[in-house]
Amino acid sequence: MLDLLSKVEAKSVAKYTELRFQSRQVNRISIEKGELESASSSSRRGVGIRTLVDGAWGFSSTNKLELGGLSECLDSSMKAGRMASKGRKEKVESLEDVTPASGTFRPKVNDPVEDHSLEEKMNLVRDIEERTRGVSEDIKSSSCTYYEIIDHKMIVTSDGAEAEIFDVKPEFSVLAVAAREGKMNMGYDANCVTGGWKDLFAEKSPEEISEKAATLAVDLLKASGPEGGESLVVLDPSLVGLICHEAIGHTVEGDFVAAGSIMKGKLGEAVASPLVSLVDSGVPAENVHAAGAIQVDDEGVSTKDARIIDKGMLRTYLVNREMAKELGAEPCGNARAFEHTNRPIIRMRNTYLEPGDSSLDEILEETKKGYLLKGGGEGQADANAEFMFTAGEAYEINDGEIGKLLKNVTISGRAFDVLKSVDMVSRDFWFDMGYGMCFKGQPAKVDGGGPYIRCLTMVGGKAEGR
Amino acid sequence: MGQLLSIADTAVNKGLKLGADEIEILLLRGESTEVALENNDIHIGRTDVRSGTGIRVFKKKGLGFASTNSVNEKDIVNAIERALQLAGHAPSEPWNELPDKAPLKDVDGLYDPESESFETEDALQMATEMLNTAKDFDERITVDKGTFSAHRGEEAIANSRGVQAEEKTSSFLWFIMGMAIEGEEVSNLDYSIRFTHNVRKIDVGKVAEEFAERVTSSLGAKSVGSFEGPVILGPDAGKLLLGTVLTHAINSDNVQKGMSQFGEKIGEEVCSTNLSVMDDGLLEDGLATSSFDREGLPHQRIGLIENGILKSYIYNTKTASKDSVRSTGNASGDERQSPGVGTTNVVIEDGKKRFEDIVGETEHGLIVRRLSGYPDPLSGDFSAVVKGGFLVKNGDMVQPVTDTMISGNVFDLLRRIDAVSKERERVMSFTLPSIKVEGVSVTGKG
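One line per chain: the protein sequences are W and A, in this order. Going by my numbering, the residue at position 53 of the first sequence is 98; the numbering climbs one at a time, nothing skipped. Going by my numbering, the residue at position 356 of the second sequence is 562; the numbering climbs one at a time, nothing skipped.
In isolation and in its complexed conformation, chain W is listed as follows (with noise of 0.2 Å):
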């Protein structure tokens, strides 16, 4: 296939042109309620060809995987490129120079996935099941899904990128339902890496899994909403992960800074406190398992980290090849595609909090009143930098000790006001934010980490005094 590709780009009379191979397999089991919900094998494998042409880009994709259908994938970008280059008024002249990517990636892997048979996989998830409704006689219904995405690329580009790459990615999920006096509500746990099963299961084991989402499930019967307002939050590492990729990631994405985001023209300056240090790193050497790793890119960069802020300043945005030259930034390796029907776009990987000094013990003890929220939630950016994400799990800390959990816990804020406001960093570090998918007009696989951080955002909840 990788001299099929080759032979086809020799073909391109386009600036620039890129092809990519994928062949992916999804294998998905879930059960829910004791019922087999799902047990299904999807299968697409095809080529996207992408072109520079006259200054602007075309792309075309193709399932047809011999010579002619390539040739005619790549006439078909080239001819979209000509279009799009009659009505682009700011011509793309060239790209940032890159080492291109060479030679075959593949991801460490500890005890592969496909060792484990149909059977053991749907005999887990359903074992899983049973036990999460048998956790308290409050839990009304559960599902369980296990899934695992297999990835065989190959990109062949223009600029001398041939690279052959394999990626696993699994994932492994319960959802728990408790309902009592016409309450309803629901736990969720997850994990998700790159990896084997080894790895999937490194951090938390399947019944961990399983007692968490039950266990707050029925907590949450009995907890009530905050009160509103602005709030003193000490956020665990998973949502630490989030507000990373929320408040100050999608804001530094290169194609969202030239079309005007907050962040734009803010290089050097000082955007949070001296205590947050913030990367993005295709293979973190933390955790290699980190569920949004990548070795190399689909522009066929290999991947680095990207140091987004270093002690408090702006020290570069995220981008693709085009967007380096404009924006004067380094190539890391944030070009990305989710199938091969998706054009790279510039995308996040594994965006971490570097840890500090303090503990969480000493953390809580500074916290007179203030919420602890853990991990489980889901977020939203905005050009203006104002984020917001929900918790899985808050508590109310009253003079420093954790007090009773609340439920409906969402906070927002802008981006600066509240990374400047960090004043306590922890030691303690891991990644945690890996299942579930971003959006951003195709899914991508992303992971988030850091320390446990106090910082003071607006919490949503009853007006104060009612």
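Hints should not be assumed to be uniformly reliable.
Dumping the calculated DSSO-like pairs for lysine-lysine here, alpha-carbon to alpha-carbon at most 27 Å [what the hints assert, rightly or not]: (1) A:Lys341 to W:Lys136; (2) W:Lys124 to W:Lys60; (3) A:Lys651 to W:Lys414; (4) W:Lys311 to W:Lys136; (5) A:Lys412 to W:Lys131; (6) W:Lys185 to A:Lys267.
It should be emphasised that the hints constitute simulated quantities derived from the structure, not laboratory data.
Let chain W serve as the given structure and place chain A on it in line with the hints.
Leaving out everything else, chain A in the frame of chain W:
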């Protein structure tokens, strides 16, 4: 019988020979062209040819499913074998049966022959017009992203009980997203999006102006002081809050698994009497309109909530069989997954009052056009950030609002609907009025 249906039919027979007790084949094929905007300019043109096959088999009442992005015989046979392998390991479940054939009616307006001559050049012209209209509207506008895409496709479903359905569609989707910038101030991101099956209904200028008006009117926004009071949810915000929660609660699969607050509540009052909600798979020019569902059964128009009373859940064949009722034609999903249960076009009936009268009668409240948040569909709890908000005082829209959150519980809000507007908007597959609800917690810094 069209070519695609004949491939499906052949595959059904092949599946039976390979050992399936029952088999269902969904085939899709289509071509699309698209021009995308980025950073105030045309960015990329693209054309794609796509296909896909989804195969569901039952063997000894065990379920197996496989899909491939191909409609070649060899790939289909390979997928049938994978599905059968999965079914061989699956538990036997009594409701694992495919539906019998049911008569289908043709739905008009899904395929526009004029789409056959719609080229990348036309998509470029539309994308350019959309960009220019937005930029000309106000010099403070900046367009981050946008697309104009045209698609033509065909779909065929056949199963071993005689279901045979096929349909051609054309569709056009266009959207524009960005912000307004004035000096140091960057507004909230906002967008506008439209869909049609019909070439003559394409109107990119309207979408561009709507987007431009939304972002410029939000400049100068401030937070408000916290209060508890009325909130007027615009169609977009209504879709996120009421849409997310209602579509979960009326889904028979969730009801049967004890994951819905509407369980055992048919015939009961579940919300204010001024709210009626339908699922309409036959809606004129609707995004989710087609003559049949994911199992090849006819789409329908179903009253879900009528004047506050819960009338019906939505069903596919499996969930209908468990409740001993008929499928409502709500089998959902694409070729990549086994059919689930889902809404088609959700329509909330219009009310009696004009939007401006609803605002006029509001003493101290908030208009919320859009929300950034994730309501919990099970409990109904929500806490979300207001986007494109306006503070209303003594009946006047006095100030655009940002850095403000609203929170509460959707099931509570459904019982506190004060007014429903005459005006409605389509937000993708939803058609909604503006809805005024009482007693919402508003958190701000003002």
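Evaluated hints:
no., hint, in the structure
1, A:Lys341 to W:Lys136, "19 Å, holds"
2, W:Lys124 to W:Lys60, "13 Å, holds"
3, A:Lys651 to W:Lys414, "18 Å, holds"
4, W:Lys311 to W:Lys136, "25 Å, holds"
5, A:Lys412 to W:Lys131, "24 Å, holds"
6, W:Lys185 to A:Lys267, "26 Å, holds"
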